[in-house]
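Enquirer: Kindly generate the complete structure, drawing on both the sequences and the hints.
Going letter by letter, the sequence shown gives residues 1 to 631 in full-length UniProt numbering.
Keep in mind the hints are simulated off the structure, nothing from the lab.
One or more of the hints may lead you astray.
In silico BS3-like links for lysine-lysine, alpha-carbon gap of 27 Å or less [claimed, not checked]:
(1) Lys-359 to Lys-82
(2) Lys-171 to Lys-158
(3) Lys-444 to Lys-410
(4) Lys-261 to Lys-63
(5) Lys-457 to Lys-444
(6) Lys-108 to Lys-82
(7) Lys-29 to Lys-206
(8) Lys-96 to Lys-206
(9) Lys-47 to Lys-206
(10) Lys-544 to Lys-518
(11) Lys-342 to Lys-359
(12) Lys-265 to Lys-29
(13) Lys-37 to Lys-9
(14) Lys-342 to Lys-261
(15) Lys-47 to Lys-82
(16) Lys-37 to Lys-60
(17) Lys-261 to Lys-444
Pairwise CB distance ranges (calculated) [claimed, not checked]:
(18) Lys-207 to Thr-81: 39 to 47 Å
(19) Ser-516 to His-552: 14 to 22 Å
(20) Gln-600 to Tyr-3: 34 to 42 Å
(21) Lys-171 to Asn-556: 18 to 26 Å
(22) Leu-445 to Tyr-209: 39 to 47 Å
(23) Gly-347 to Tyr-3: 27 to 35 Å
(24) Glu-484 to Arg-580: 41 to 49 Å
Glycine included, every Cβ here is placed at the ideal spot set by N, Cα and C.
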Amino acid sequence: MFYHQFYRKSIDQPEQFWLEQANNLEWFKVPKSILSKDKYVYDQWFKDGELNLSYLCVDKHIKEGFGDQNAIIYDSPVTNTKQHITFNQLHHEVSKLAGGLQRLGLQKGDTCIIYMPMIPQVLYAMLACARIGVIHSVVFGGFAPHELAIRINDCKPKAIITASNGVEIQKIIPYKPFVDQAIAKAEVKPEHVIVFDRQLGVEIPKKNYDVDYQTLVDEAPSIEAISVNSTHPSYILYTSGTTGTPKGIIRDTGGYATALKFSMKYIYGVNEGETFWAASDVGWVVGHSFIAYGPLLNRNTTVLFEGKPIKTPDASTFWRVINEHNVKAMFTAPTAIRAIKKEDPKGQMLKRFDLSCLKYLFLAGERCDVATLSWTEEKLQIPVIDHWWQTESGWPMIANMVGVALQDIKPGSAGLPVSGYDVRILNEEGEEVESSVEGYVAIKLPLPPGTLSNLWKNPERFKSGYLDRFPGYYFSGDGGYKDEDGYIFITGRVDDIINVAGHRLSTAEMEEIVSSHKSVAECAVFGVHCQLKGQKPLGLVVLKTETSLNHHTIQNEIIQDVRREIGAVASFREVFVVNRLPKTRSGKILRKLLRNIADQQQYNIPSTIDDDSIIEEIKLIYKTNKVGIHK
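Expert: Here you go:
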């Protein structure tokens with residue numbers, strides 16, 4: 001009952017509810033305007049308030065006497081490195097880097113791209129930008145130069161902060177050459193590239209725009225955090241768009257800080273001083289919200305992990321980290337748990353460690369299958385909580401709010417709506433459907449604080465992409481249904497975005513690359529079931545009649561093209577040649593039908609299909625190559 005009362009207040013009295021939460025922050029100027037609309041009729045929170053994220057994450061805790069508490073535990077099994085960083089040490093690094101950025105000419109409102117591995121300097125860079133009102137855009141370290149160039153052109157950074165290299169399992173990935181290639185491709189040229197040398201023997205190609213990170217910090221003054229408006233963008237985070245053009249999600253400052261402080265206490269159930277671990281990457285929204293800002297805002301020790309759930313060195317790594325660093329709550333993707341389960345199906349490695357410190361394990365980034373959830377619950381003997389949110393929301397939308405009251409866990413469901421999110425399931429006409437009927441997942445406006453405030457330099461695309469489909473609602477782009485108890489089940493995207501191990505990727509973008517191959521006449525790329533990663537992309541191509549290359553060569557070239565343009569994160573490894581693709585008579589390729597056949601879901605061959613004889617050929621290819629559910 002307490003959850004329902006708590007939740008209803010957030011829906012019925014949103015301004016009063018969120019003002020109470022905002023009062024848990026230290027504002028430089030306390031807001032008087034709680035909820036207001038901008039010219040695009042979209043709600044903004046705490047419009048006249050002023051604060052600073054970096055101050056709240058660092059200085060506030062030192063002022064209150066917690067300077068010697070660990071702020072960050074850096075654990076890197078791939079480099080055999082561990083480092084404990086106190087709030088005092090964090091303040092020194094962040095304030096000096098912020099001073100260095102100012103000396104290079106960066107100031108409030110400028111943009112800066114951060115392209116770094118999972119090392120402490122990536123958090124220093126984010127917090128240093130926030131300290132002086134510079135809007136950062138973190139790009140996943142190792143993303144292909146083409147993708148990085150697109151983001152450079154869009155956000156026009158004055159500087160890029162990078163590192164000499166990333167470290168994968170027994171593999172070094174040089175970052176600086178990628179940055180140089182991206183700048184060469186981009187129309188916009190950053191003034192400075194700040195390079196942190198990890199001292200791992202990686203050669204760093206030199207350019208005139210280079211600045212040595214350590215020299216910059218050593219010679220810079222330590223500076224105080226400046227006051228920024230609550231609606232000032234804290235960062236831009238790019239997510240795949242349905243057109244293949246990435247969308248720059250803008251996050252504000254005051255609403256975001258309010259939502260994250262709220263999340264740590266009421267969703268994840270962690271108290272100040274406890275250790276929280278989100279096993280993700282700062283290139284994704286999880287890393288922004290729950291590696292960097294959320295835990296530090298709440299004075300939690302955050303674990304910064306540079307490794308994988310397996311092979312660094314084995315499937316016991318997660319359990320070691322939890323045990324060694326006294327982790328109270330952990331967040332990871334179902335993919336990680338499936339990888340561990342595959343290596344250690346009986347959970348023998350787990351028994352080596354005392355995991356009594358761990359109270360909750362949260363899963364998100366993709367839909368969690370019931371088998372994975374049940375296995376994890378059985379092995380850990382704690383609540384394992386699937387929950388759902390998006391890059392756009394910035395923090396959970398549907399969850400089991402353990403800090404309010406632990407509700408029943410229904411495997412397959414992401415849980416109940418989180419405070420502030422009035423989740424509705426709508427039909428094509430925008431009307432609510434009955435329980436257990438699938439429809440479009442939408443949120444009745446206003447959205448709570450901390451969600452996207454706009455798209456970078458593209459408010460019309462923001463409006464058309466999220467608000468126009470169902471007036472008065474935010475359209476999530478996902479399908480789902482509610483059961484009779486109000487639990488929500490997310491069934492997947494209704495557009496061409498697929499979820500590969502928690503990474504949202506555009507199949508439209510992949511199709512553009514595949515179709516550009518000289519031997520390809522037409523193609524379809526779509527997501528199919530993958531036991532390990534949830535989904536993976538599959539390509540079907542029809543070849544030009546005059547091609548002289550053999551199928552194997554064409555397939556390999558296409559795979560390499562996608563890898564070069566998007567990166568290894570796309571996991572694009574399967575492309576098959578077909579005689580033709582199933583289409584409607586109007587020429588639309590039936591991608592959903594192709595996906596449903598691969599995943600052995602119920603499907604109807606539409607009456608508008610131009611030739612249904614192709615279906616048997618497709619089924620045979622799937623079966624022969626063990627595609628999708630056949631795996």
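Enquirer: Hints the structure violates: just list their numbers, smallest first.
Expert: 2, 6, 7, 9, 14, 15, 16, 18
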